[in-house]
Every structure is written in C-alpha cells, then in structure tokens.
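Q: Place chains B, C and D with the ligands on chain A using the hints.
Residue numbers (my numbering), protein chains in the order written: chain A, 1438 to 1768; chain B, 1438 to 1768; chain C, 147 to 488; chain D, 147 to 488.
No lab work stands behind these hints: they were computed from the structure.
Ideal placement from N, C-alpha and C gives every residue a C-beta, glycine not left out.
It is possible that part of the hints are untrue.
[To be verified] Simulated pairs of lysine-lysine, DSS-like, Cα-Cα distance not exceeding 25 Å: (1) B/Lys-1746 - D/Lys-195; (2) B/Lys-1623 - B/Lys-1637; (3) A/Lys-1623 - A/Lys-1637; (4) D/Lys-218 - D/Lys-269; (5) C/Lys-269 - C/Lys-218; (6) A/Lys-1746 - C/Lys-195.
[Unchecked claim] Chain B stretches covered by chain C per the calculated footprint, using a threshold of three residues with CB under 8 Å from any CB of chain C: (7) 1454-1464; (8) 1472-1483; (9) 1540-1546; (10) 1595-1606; (11) 1738-1752.
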Amino acid sequence: MATLAAPPRTTTIRDAIRDTLRGEMQRDSRVVLLGEDIGAYGGSYAVTRGLVDEFGSDRVRDTPIAESAIVGAAVGAAMGGLRPVAELMTTNFALVAIDQIVNHAAKLRHMFGDQFGAPVVIRMVNGWGQLAATHSQSFDAWFAHVPGLHVVAPSTPADAAGLLRNAMRGEDPVIFIEHSRQYSQKGAVPDDGHLVPFGKARTVRSGRDVTLVAYSYTVPMAEAAADRLAAEHGIDAEVLDLRSLRPLDRDALVDSVRRTHRVVCVEESWRSFGVGAEVSATLQELAFDELDAPVQRVAAREVPMPYSKPLEAACLPGIDDIVAAVRAQIS
Amino acid sequence: MATLAAPPRTTTIRDAIRDTLRGEMQRDSRVVLLGEDIGAYGGSYAVTRGLVDEFGSDRVRDTPIAESAIVGAAVGAAMGGLRPVAELMTTNFALVAIDQIVNHAAKLRHMFGDQFGAPVVIRMVNGWGQLAATHSQSFDAWFAHVPGLHVVAPSTPADAAGLLRNAMRGEDPVIFIEHSRQYSQKGAVPDDGHLVPFGKARTVRSGRDVTLVAYSYTVPMAEAAADRLAAEHGIDAEVLDLRSLRPLDRDALVDSVRRTHRVVCVEESWRSFGVGAEVSATLQELAFDELDAPVQRVAAREVPMPYSKPLEAACLPGIDDIVAAVRAQIS
Amino acid sequence: MVLALSPLTAAPNVVPAAVSDLDLWDMYRAMLRVRRFEELAGQHYAAGKVGGFLHLGIGEEAVCAGASSVLKPHDHLLTHYRDHGWALARGLEPDRCMAELFGKSTGVSGGRGGSMHFADASKRMWGGYAIVGGHLTLATGLAWAAKVQEPGTIACVVFGEGASNIGEFHEAANLAATWNLPILFLCENNGFGMGTRSARAAAVPDVARRAAAYGMPAWQVDGMDVRDVVAGTREALAFVRSGEGPAILEAHTYRFRGHSMADPELYRDKQEVEAMRSRDPVVNVATELRAIDTARVDAITAEVEAEMQAAVAFAEASPFPDVSTLEDGIVARPDGLTRGVR
Amino acid sequence: MVLALSPLTAAPNVVPAAVSDLDLWDMYRAMLRVRRFEELAGQHYAAGKVGGFLHLGIGEEAVCAGASSVLKPHDHLLTHYRDHGWALARGLEPDRCMAELFGKSTGVSGGRGGSMHFADASKRMWGGYAIVGGHLTLATGLAWAAKVQEPGTIACVVFGEGASNIGEFHEAANLAATWNLPILFLCENNGFGMGTRSARAAAVPDVARRAAAYGMPAWQVDGMDVRDVVAGTREALAFVRSGEGPAILEAHTYRFRGHSMADPELYRDKQEVEAMRSRDPVVNVATELRAIDTARVDAITAEVEAEMQAAVAFAEASPFPDVSTLEDGIVARPDGLTRGVR
Ligand SMILES: Cc1ncc(C[n+]2csc(CCOP(=O)(O)OP(=O)(O)O)c2C)c(N)n1
Ligand SMILES: Cc1ncc(C[n+]2csc(CCOP(=O)(O)OP(=O)(O)O)c2C)c(N)n1
Ligand SMILES: [Mg+2]
Ligand SMILES: [Mg+2]
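Same shape as in the complex, but just chain A:
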C-alpha cells in the first residue's frame, strides 16, 4: 500500500536548506551547527536565520574566525558522537581549513582501518558579484579529487533538501556546495523524508542533439541556453545536472552521450584542471566512439577575478558562451 506523501511545497533554496537543518535538528538531538556568525548575525547569507532562537546557542554555535578550528572541532565532535554541520561562509575560506578537510576528515576512516568515520557536513558557498580575486572562487574540482570525501552541489530546492538530508544522515564527510546567487531560486520540495543519494545525476531536460553538463549555478544557465538553442537555432539540447561531483555519475554521462553524441560542460571555475576536464576525460575513456565532436568546456577565464564589473562579466562563463560552444560543435 502506498503511503500518502505530503504535497510538495514551493520554497527557495535558502529555505529548503534551513528547513532541512531544522527538521534534522528536531529529529536528532545530536545534530549541532557551528560557524562564523550563524547565530546572532543570522548567517552571512541568512541561511541559518532564526535557528539559534529555536535551538539555543549550544546547538547553533557561533565560532571565532578560525576555519581550521571550525572544521577540526566539527570532525572531532563527529568522532565523539555528535552530528555537526559546519558553515564556512564562503568557499574561499575553505583554504585555511583545507588541511582539516583533506588530511583529517577525509582520511580518518581508512587510515585507522575503518574503525570510525567523520560524519560531518561542511557547507560552503560559491559565488561572485564584484567580490574580487579572493572572494569569488570555487574549488569544486579540488575537493572532487580527494578519496574519502563526498562532494555535492544542488541546483534546486528539492535537491538542496534531499542531498543535505542524505549528507546529515550519512557516515562520512560531505562537502556541500551552495551558491550565493541561487539562494532565492524557487522550486517544489517534497516531504521531509526526501533523500537524494549521492552519485546520481539528474536529467533536467531531455534532448537529442547535444548534452549540456552542468551543476550548481550553471544548471539554470544551461537551461536558459537550451531554451535559446531550441528557439533560435532549432537545436534540441539535453541538460544534465551532475549534483554530485564525487562520486561522479559516469553512467549518466555515458548514457546521455550515447543519445546526443555531443557534450558541452559548463562550470564557473578556471578552465584548466577543472571539472570539465574530468567530464571530458571520462567521456572519451568510456564513450570514445560515441563522440561526434570534442567535448567542449565552457568555464571561467583564467584570471584572478577582477572587481570591476565589465571585467568580471568578461571573466565568467555566460549563456552566450554555451550557445556559441554548442553551435561551434554542431556546425
């Protein structure tokens, strides 16, 4: 007998994350949040606003500005039986904590012979907006390189909720990548039990002529490009949202290219040694004969992000770039 699921609600990604944090905190008293200004200030991007009032400052902990201690304390607390969710404010600040992420969180389970793990969620925010070189970065490909980590990046409220819930109930460290420009994006969110297991891409729309591979903020870009390609050029593009970078859904990539035979991968970080490189390498390893054209990468220009608006705009990949890449491939 099918259970009756509550009807999906429409909400923003910000609220989907907050609601999931709240729900899990209600469900499991071991869940604690920590990070800079997540309490009294309400969170830099207002994700945690209100939670300190609801759960108190012992469970919603403001920390000193000390990201390495934030991650280290979260990992240690996870070893000790809590279920911490750490917020790093922006991905850029993950660099001062990356030793804790890579040399500690990711290592513990295997290095000590699978005696214990570090069930910790590390939330961090990608994004830009005239924030200049040290505040506009993403390091998705870096994290995805590291065994022992899960790396996920939602592009819808439903996936934000489902991936975060999966992360919070799992047994290992999860890098949970949010995007500052996507918090207000709306969508339907299923009921409170909704889990999105890692390692499964999502077909955003099906198409016959080309696959646009995207994740996080580039998913809506790819969708917009697909609209334009259909309307203006009669090109039918499939859009695939990776959702998870580690594990990467190689099967979904291969499946899609078997149908479309052409791929454009869209990402926001610097082009060389980025996510697109892995997508490209994977596809030609696993589907060499299916590719009718080289996998194209649409990515950021290889420049420390400049503050000035026209320069920043020129640096970032845009919908035009996706359309142009597809047309270059198809013509």
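A: The following block gives chains B, C and D with the ligands in isolation, referenced to the frame of chain A:
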C-alpha cells in the same frame, strides 16, 4: 661567435638543486632560503645541507613549524625586495599554507593592478614509501588550476637546475615540485647560466606508435615502460616530459599525438580530477581527429595511501600498468 | 589613557599621553577626509555605482589618522579590507581611491581590487587584504626585508580583533618575535567581528594581553581619542624602530555602521550605537576646535568637501578598464623569465 | 617539582608533588613496556620489517606512563605521531601494535596506519596524527561532544612543543577556552622540533607560559620524573574535570634517539645526549626499585621481555592485508547512505 660553454657535469638531482641554490645565492645577495630544519638539521632530504655554513643563518633561516608563516613571510619578503626560496619539506604540508599560496602569492600581481608581484619559489616534495595517508600525497593538479602560479616539476638534474634557476630569477611565484625518490637520480647538468623557460615540454625519446605523457617521477617509469614495450612488444613509444604543468605545453602534446595518434598519461596522484584529465581534455579539444584511441590515464588508485607495503604497491601506478594501458590501446 | 603592557607578565602601566605638539587641525582634516570619503562611498554604493563588499570604518577614523601621522613614508603598511581610511591617511589620492570603488581603470589598483584592495606600492601601502589574518604573515616578510635591507624601516600591519583568533595571527606574532622583526601589530579592536562580540570569540578579548605569549610589549589606547592614538603609536613605534623587536598596539574603537553594507545589524541594539556616537572622534574634535576658531573649522570642512566631491566626479568621468586587458598582469611572463628578457 | 601557572598572569607557584600513593612498580612496568616495545621496533626497522617514518620516544616514557595512569578509561585520548607509548599505556595490545608496525592486517589500524597512526576506538584512543598540530582541534571537538553527552569525561591531547607554534594550536586553545571545554593540552616538551631547538622556534619556549593568552591555567612538570608527571597530571586533570575549562600541562623531557630513524642528528652534540642519559626515567626507577627488591625488578623485566618478544612473533606470523581489500573502508557507502540501508 659562439661562447664556449663549460662541459656538463654529472650530478644528482639533489646536488643540482643545491648547486643552483648556492650559485644564485652567490650571484644575488637578495636570495634567502627559509623553511623547517633547512639549516642545522641539513634539510629533511639533505637538499640544503651545508648551505647554512656557507651563507650563515640569516640567509638560510630555520623557521618554526608554521608553514603558513613560511609562505607568508616569503611572499612578504619578496614584496619587500628579497628573493626568497621557501622549502615546505613535503607537499602534504602545503595544505596548511595553501591559503597563502592561492589567496596571496597568486593574487597580488593582478589584484592590485600589476603594481608588484611575489617573486618567490616554493619548493615542495612529492613522494611516498610507507608514509601512510597524510604523508604520501601530491596536489599537482590543484596548483596547476590556479592562475597567477607557475607550476614546474623536473625529472632530471639538468631540468632541476634550469627550471629552478628560471624560477629564482623570475618575477612571480613558482611551485617547484621535487620528488623524494628521485633525489639521487643522476644526469648531466649544463653550466651555471642554464635556464629552462616554463611551458616547454621535453621529448625524452621519440617514437611512432604511442605517446607516454609523464612528469616528475613518472618520467623514468615511462622510459622503463618504453624500453619494455620496444623489447617485448615491438611497440615504439614516444616519451614526453611535461616539466611544466602551468603553463602546460599544449602545442607539444598536439604535435606528438599528430605523429603517434595514441596517448597514455602517467601520474602518481588519484586518477579523478588529476593531471591526466586535463591532458585528455586538451587533446580531444585540440586534436580530436588525430586520436585513434581514447587517451588512457595511468594514475594512483583512489585510496588514502595505506602504510602496509603490499597495499601501497597496489595503490601506486607501475611500469606494468603503463605497458598494459598501451597494449590495451594498440590491440 | 595609554596602557603599556610588560612583555613578560602582561601587567599594565599607565603611560602619560604626551602629545602637546600634536596639530589637532591636521588631525581634524585627516579624519574628516576619511569620514566624508566613506560617507560618499556609502551613498554611491546605494546608488549602484559601487559594488561588492563595502566595509566602512565610520567611527574608527582616529585610529588611522592618528597612527598614520606617526609612521614614516618609508615604513611598510598593510591593512585588512577595511582600508579606505588607511589609504587616504597614507597619502593615496582620493580621486584614484574613489575610482577604484567605481571599478574604473584609473583606480589605485586599476579597478581590479575594489574597496577591499587599495594599494599603492610607490607609497609603500602594500594593500588591503580580505582573507582575515592572511596579511599578518606578509607583514613579517616585509619587516624581514626591511631589517636586512633598510635598518630603521618598520612594517605596520593593521587588523581587527576578530583576526587575532585565527592561526595566522599566532604564526605571524611568533615568527616576528622569534626573529626579532621590526613590526607593529596594530589592532583596531572595534568590539565585533561581523556580528560576534569579541568576548564570544576569544577567551582573552584584549589582544594586547596576548602579547606576553610572544614576549612582546603592548600598548593599549582609546581609539576614539586621536591624542591617545598618537601617544600610544609614538611609544610603540619608538620601541619597534629601536630594533628591539615587534610590539602590539591595540586601539579600542567602535564602528557606527554595519560590518558591510549587507549587515542587518541584528546583533546589537540601536541604543548601544547611539550611546557610542557621543564619542564620535570627528565630531568631538570639531567641537573642540570650533571653540578655538569656527571659521577655520568651516574652511577645512569646505576644502575636504570639495576634495571628496572632486574625487566622485573623477571616478564618474573615468573609463572602465578595457575588457581586452582582462588577462594582463597575471604573471609577468608565462615562461617565467623576467620582463624585458627575450 | 610541579609549577602551577595562574591563568591571568602566568606567574608560577610551586605545588607539592603529593603522590605517596603511587605504585612505582606499576610505573616501572608501564615505562619498561614502552621502552622495550620501541627498542624492538627500532631493531625491526633496521631489519627492514618496519618501514616509513618511525619516531621513537625513548627517554620520554615517564610522560605517557605517568599521565595515562591518571586518565580514566572513558576519557578521550589523541596524540601526535610519536604515539607508541601512549597507545601501550592506554592498554592497546602490544601484539596488534607491533603488527601495525609490520603492516599486517592484525594491526590496530589494520596495517593502514603504521607507526604514526595507532588507534583503538574501543579504548577511546582516537589515534596518532602526523600533520603537526592537526589533531589539536579534533580534540576540541571530542571535548565538546563529551561536554554535551557525558559530563565528567574529558579529552587529553598530546603534542610536542614544536607544534605549539603552528596556527592550529592557537585556534584550538582559544576555542577550548572560549567554549570552556574539558580538555587537557598535554605538551611533551623534548626541547626539539626535529633538529630545531625550541628557543629558536618560539619567542616564549615554555608552552605553559602561553596559557595565560587563553586565560587557562597551566602546570609544568619534570617529564623525566614519573612522580612529577603523575602529580602534575592529577592537579591539571582535577581542574579540567571540574568543568572549569581547559588547561595546559607541560612536561619537560628529552628524546635519546633521533627525531625519526632517518635523523643524522647533526644539530646536537653526543655529549648533550650522554649527559641527559643520567636522567633516564626507566633506568632511574629501576635503580630505585632494585634497592627495595631486585628479584621483583628482574621478574617484571622478564615478563615485559616475554610480552614484547611475543608481540614481535605475533606480528611476524600475521598476514599482510589482502590486496583485494585495498578500496574498503574509504567511505561507508559511495551513495552516502548509512551502512545497512538498502
Ligand atoms: C579567513 C576568513 N574567514 C572569514 C572571513 C569573513 N569575514 C570578513 S571580515 C570578518 C570579520 C573580521 O572581524 P575583525 O577582524 O574584528 O575586523 P573588523 O571587520 O571588525 O574591522 C569576517 C568573519 C574572511 N574574510 N576570511
Ligand atoms: C604541518 C607539518 N609540518 C611539518 C611536519 C614535519 N614534522 C614532523 S614532526 C616535526 C617536529 C615536531 O616537533 P614537536 O612538535 O616538538 O614534536 P616531537 O617530534 O619533538 O615529539 C616536523 C617538523 C609535519 N608533519 N606537519
Ligand atoms: Mg572587529
Ligand atoms: Mg619536540
């Protein structure tokens, strides 16, 4: 009229690096060295042994165990007119200094409108040898992702000297990657003025059937594999030593594949999101029609490196793996 | 009141603030320039001319104005992202600073840096930095270079009390003290790191009291009183310049505005801010000077106003950087050779 | 002699070392077990049975033996890579520890960790860690979990004086103090970080003297004297267990061997090491006990010898991990679901 160059000497990579450091210190009083135990201890891998006696502890500075300060102080000193060479003992410890590398050293020139740069060389050592998960890593692909850095990795004494000298005389930060298992490798080293500009790969041996792309410690592995392929399978392999990962010599990759039409890329880090991914993506972007088979990646298994000898051996790529990858490609 | 803390025990001594020679008119002008620059920056942020993160130091002007008056032009200076006041007090042109905020090619950092990254290497203002604590070790390097190459030159590095909790502070302080480097760690303690009160982020919120962990002396001043700032800076700098090693100078101050323009200020009462306004360093000096010569106060005020309005006009009139220059100046040369070598 | 340092001023007080109830026989056995385990480890390293980095704590045994005797089994323990002594004193089986060194599947960490990474979660020995300072913040997390879930349990984290100069120490100490966490920072100050004497790496080489920067109390003991270690640990742990917050315990000790097996020891004179040997904590206790009962000393010595030789035999006889298990236990499940969920 050609000047008479001194005849090349035969020396180890360790000595080539030490001699280059010494020569540049004699030539330029602004050159200073800093790092943990590079003085009294003689350097973890004995690279700097003796230099403190020659130049004194003001120019060969032992530091506290504080890698972020080592890199930060080096960068600041470079801004202030010195020419620092920082030693990070092993690449693993670069993680606690990576914010200084990526958010400071790599950013200064562009972020402040090209007013000044950070002419600093950051030496770090890749390697393994039952050192377990936190002491056996390399992050070459990470550094190569970052605009504002030069990233080089020699595989011979001549290149060690030439690349290091180029790095020490340049105007920007250089990640200089050494390998603990290669220090005693010998070879000829040209005279003291020998410079190897960044961004040029080196053809180690020419071949017709397949290109083995390698760098650092994987170059001798690729050479050994090429010997075996020739002797046992009649396969004529070209070996290309990248030497420089940023900038990457894309022209040399394309040139070679135009001749061989097959590529195997060998690296020591984890396979996904590594150097091989970029090589593969680059080749299919720039030489799609030249490739007769997918670019194969030979890399480490995606495991935090285990201590136990048989497990470690199973993790690391070996000559057998290269031979197998080539044979799979050619059959 | 200046407190001097012993390097061994952190025990405080009151030091008489001897600044009878201080020209308060200069200080008024210096502080007002910063105040008006920032007020205009805030207005143009609201108008969409300035973007990104804008951190105003309104309320904290006595610190940059006072301390900068004691620094020598050859001293090295680095600050955190709250850098406008330090740049102006250092002598960077308001025109080019405002142009930087507008993202124009005439900006001090060519429009690449924006509010958080004002620099002028020709004035040894090595920039504002936006990774909390990151510039502290850079300063040790500059101090090291100075010690080797130009004895008598020191490095001054400005940071917030919030930054004193990150590892980089510890590493920088310990390195500076162990290597006996000529560096002044100047802490603008405004009581908050974003929305977190200092005592909620540090067990010992007074940064000066931590100096003893590095065997450094420290001075504490009232950062709302420019005389106090000058007096304390003189003491601390005299020590550092003598070559005896680094020191900490902590100025207790307060920001009247939010952390950045995006700050909803949920974490403090309006009354608290209003109460602190009675200590406004610019207003209070103006009041004191008006009692001496109102016309002169008005004249300075008008001059500063004209200067800052001209800066806005300059910024408005300047062109954006050409997009064709986007990839310039990332590295000097891709092959790593020195510029000009062929 | 135990020195207690005030959390406010770092001013020291001598505390009487009241350990009349200490069973020195137990201590002798505990120290000798560590000594013999490590001597054998060194021999088998030379013989090629043990690989990688091997850091022996020979000379420092009084610290782990003494302090561990005061810890409760439910307390959390983490150490740096010089972890053999701490593991044995915690009750980890010498068999499985030696097997770990040999890289065997029966090792405490399944042969994955080796010398630097002994752990046994069932005994709350959360492991040895090899990134200097990295485990200090992990310990704050464990202390936090303990505070929330099991009041009365504390976390003890062991590190070297060299580690106190890295940023992580500062962040961990400040977090622990600000959050009032039950954690004992136990510093084995052996005077060197690799080849660097502590005073060349720190402006204030006594780590205990830095506790005041975090408002923490600190105790300093002679780490070559097991009575002193026990007395100091009792004082410090009583404080921490009472819930008043973290504390530092610094034991001055000395390692007779090189930093690791690869150390050429260019940085210190043989005479210095020889002079320190007169303070050998194991030999000196043995001498003291022989004056009481030689036969009993001999009996203990023989028992320990048999135990450690058996450990070597066990390690030798154990199988290497099967290569087919290489990719096991990296994450519980690739899809992130909890184990056992379908
Ligand atoms: C490493 C790092 N973590 C977090 C941030 C975000 N952040 C920017 S400013 C700031 C507060 C800094 O406070 P303080 O040092 O007291 O300086 P103030 O802003 O009060 O002048 C924070 C948390 C950052 N820029 N860098
Ligand atoms: C972050 C980091 N930097 C450097 C090293 C290399 N290293 C290993 S042990 C050590 C010395 C540590 O000295 P100390 O903390 O005093 O402990 P001891 O070895 O004396 O017991 C160094 C520099 C490391 N493992 N991690
Ligand atoms: Mg502040
Ligand atoms: Mg030590």
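Q: For the stretch 1540-1546 of chain B, count the residues whose Cβ lies under 8 Å from any Cβ of chain C; is that count three or more?
A: n = 4 at 8 Å, threshold three: holds.
Q: Are at least 3 residues of the stretch 1595-1606 of chain B within less than 8 Å of chain C when you compare beta carbons?
A: This one holds; 3 residues, not fewer than the three required, reach chain C with a Cβ under 8 Å.
Q: With a Cβ-Cβ cutoff of 8 Å, does the stretch 1454-1464 of chain B contain at least three residues near chain C?
A: Check failed, 0 qualifying residues.
Q: With the threshold set at 25 Å, check whether the alpha-carbon distance from A/Lys-1623 to A/Lys-1637 stays at or below it.
A: The given pair, whose Cα atoms are some 22 Å apart, holds under the 25 Å limit.
Q: Please verify whether A/Lys-1746 and C/Lys-195 have alpha carbons no more than 25 Å apart.
A: Status holds; Cα separation ~10 Å.
Q: Is the listed coverage of the stretch 1472-1483 of chain B by chain C valid when you require three or more residues with a beta carbon under 8 Å from a beta carbon of that chain?
A: This one is violated; 0 residues, fewer than the three required, reach chain C with a Cβ under 8 Å.
Q: Check whether the Cα positions of C/Lys-269 and C/Lys-218 lie no farther apart than 25 Å.
A: holds (10 Å)
Q: Taken at face value, is the distance from the CA of D/Lys-195 to the CA of B/Lys-1746 at most 25 Å?
A: holds (10 Å)
Q: Decide if the proposed pair is consistent with the structure: D/Lys-218 and D/Lys-269, CA atoms, cutoff 25 Å inclusive.
A: The hint holds at about 10 Å.
Q: Residue count check for the stretch 1738-1752 of chain B against chain C: does it reach three with CB-CB under 8 Å?
A: Coverage by chain C is violated here, the residue count being 0 at a Cβ distance below 8 Å.
Q: When you check the alpha-carbon spacing of B/Lys-1623 and B/Lys-1637, does it fall within 25 Å?
A: With Cα atoms ~22 Å apart, B/Lys-1623 and B/Lys-1637 stay inside 25 Å; holds.
Of the hints listed earlier, those the structure fails to meet are numbers 7, 8, 11, in rising order.
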